[in-house]
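Here the protein sequences line up with chains A and B, keeping their order.
According to this note's numbering, the residues represented by the first sequence are 1 to 303, in order.
According to this note's numbering, the residues represented by the second sequence are 1 to 303, in order.
Some chain B residues near chain A, calculated using beta-carbon distances under 8 Å:
no., residue
1, Lys-86
2, Leu-185
3, Lys-187
4, His-207
5, Asp-302
Derived PhoX-like pairs: lysine-lysine, alpha-carbon spacing no greater than 20 Å straight-line:
no., chain 1, residue 1, chain 2, residue 2
6, B, Lys-251, A, Lys-303
7, B, Lys-303, A, Lys-259
8, B, Lys-303, A, Lys-303
9, A, Lys-41, A, Lys-136
10, B, Lys-204, A, Lys-204
11, A, Lys-187, B, Lys-86
12, A, Lys-204, B, Lys-86
13, A, Lys-303, B, Lys-259
Which residues of chain A face chain B? A few of them, derived with a C-beta cut under 8 Å, are:
no., residue
14, Lys-86
15, Tyr-183
16, Lys-204
17, Ile-210
18, Val-217
19, Tyr-219
20, Ala-255
21, Arg-258
22, Ile-262
23, Leu-298
24, Phe-301
25, Lys-303
Calculated directly from the structure, the hints in this document are not laboratory data.
Note that the coordinates shown come from a computational prediction; the quantities given were computed from them, not determined experimentally.
Cβ atoms here follow ideal geometry from the backbone N, Cα and C, with glycine treated the same way.
Number of protein chains: 2
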Amino acid sequence: MDLVAIGTIAFDTVETPTGKAEKQLGGTAVYLCLAASYFCKVGIVAATGKDFRQEYLDLLREKGIDLDGLQELEGDTFHWGAKYHKDLNVRDTLFTHLNVLLDFTADLPATYKEAPFFFLGNIDPALQLHVLDQAKNPVFIGMDTMNYWINSSEYRPNLMKVLQKTQGIFVNDEEARDLSGEYNLVKAAAEIRKMGPQHVVIKKGEHGAILFSEGSVFYAPAFPLEMVNDPTGAGDSFAGGFMGYLTTQNKINNAILRKAMIYGSTLASYTVEEYSVNRVAALGTSSISERYHAFYELMNFDK
Amino acid sequence: MDLVAIGTIAFDTVETPTGKAEKQLGGTAVYLCLAASYFCKVGIVAATGKDFRQEYLDLLREKGIDLDGLQELEGDTFHWGAKYHKDLNVRDTLFTHLNVLLDFTADLPATYKEAPFFFLGNIDPALQLHVLDQAKNPVFIGMDTMNYWINSSEYRPNLMKVLQKTQGIFVNDEEARDLSGEYNLVKAAAEIRKMGPQHVVIKKGEHGAILFSEGSVFYAPAFPLEMVNDPTGAGDSFAGGFMGYLTTQNKINNAILRKAMIYGSTLASYTVEEYSVNRVAALGTSSISERYHAFYELMNFDK
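Looking at chain A on its own, in the form it has when it is part of the complex:
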């Protein structure tokens, strides 16, 4: 096992300016694993309900994703609904049926505990801590979180403990501002780095993502696409591509982290082209290197 991804499996009901997808496969752990599956052996840690569909399990298995960490619990699968504005960076959450998520324990199978790479998707920081307690020899732990945990006096103390033990955090601009108390993103990233993670990735949706490390800042734009059908999962696909690429390297330095940013952007750019996981689960062998090079063409100029 190269990478263990902890998060949600969901049914997503999503409406965008171009159409609607009802109760399709989604969830942070799903996008993370699908994106990472092109690079490495990844195991999923998440909970499904009794209503989860066999076809989705088959899909994940076909992509080589290890399902030993999947817990089937009594009740229904987590179901999330949202509607995107014409400005796809803005969405309204219509409903959040947590369902089995309330009983999710994030226990790792024995084989997962030895993994070198972990990604803690956006879940209760107490569960993220529980995963960290089980990891025996982690090399690089990435994490995501959200305002719900950041701005709560109940959850924030645990979140701060998680931060102290992680190497990389992936948050959007609003989360970075709430977490740090700084509006300016350069200052926000500097404050967050003091909380633990050496590497802070601030995701800006259609405006790309910025990686702040010691003495290095790297800007990865979002790929300019003629058609974006569904932005859901872009951030998790980004993290999955990023982490997946890291597992293929035998060291971690700025040059490698920059390439990881572009692989992350590559996977995110494919995800948003179609609804649900339709595109990110169906990439051909050359698709990833093709878009990686397209990013190079997009950003390359003479010194």
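Go by the hints and put chain B onto chain A.
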């Protein structure tokens, strides 16, 4: 004369989250010329009123800007007031006192008519056309415009004529959408290219700028700054740096246009650091190459 910049000279009264500047030097032509002055001999075509200040004329002259195209008219100088939101990409215009702008004729001195490079700042398309009629051997004409002209049945026909005669257009995302009728910026740029300019630069404020040319797309991020005091003039400084750099080259191709994008971004990034023209008018000799290389570090990754 390498470059002629047509536009406004203004008094700007600007309030931002960090402070306020009252009746300070501003205007599209001013930012354009100051930014371009680090690269080439630039002449300004704009109108001032009787209340314009000698110190500002001295400043422009000190920067080597040719003032023969300046018209001093009866009445007061154009005065513009705006307040920026915490999100500096959003501002409310508080007042627009056109004053002498109503009598501005955009007549070029004889020495300006032979210039190879022109930039038509955001003014009445009829005046932009009048400038084009006077240009004898233009090599590259850049232009800006705004929704006021784009969305008016009175002004739009002239605007379309201007577009047909220009090589490069610099518009923000909203203007690109209004001009093209396309929300998606990739599609919008393709539509605008059909209207005339081979090169379309879409400016996205703090999210950077994208250059669309035949078979080439280039993304220049905005420089991540710890402090932005006043975004006013960023777009014009961008265009001034872009055009100024172009004048130093004896050909125009994609590699050179990409460098021009970074020089434009460099000048824009300095402009926003301080109120009014305080920073862009006071750059040291090495400042520009230093930030150009900082952009390289910001965007560079292994192929």
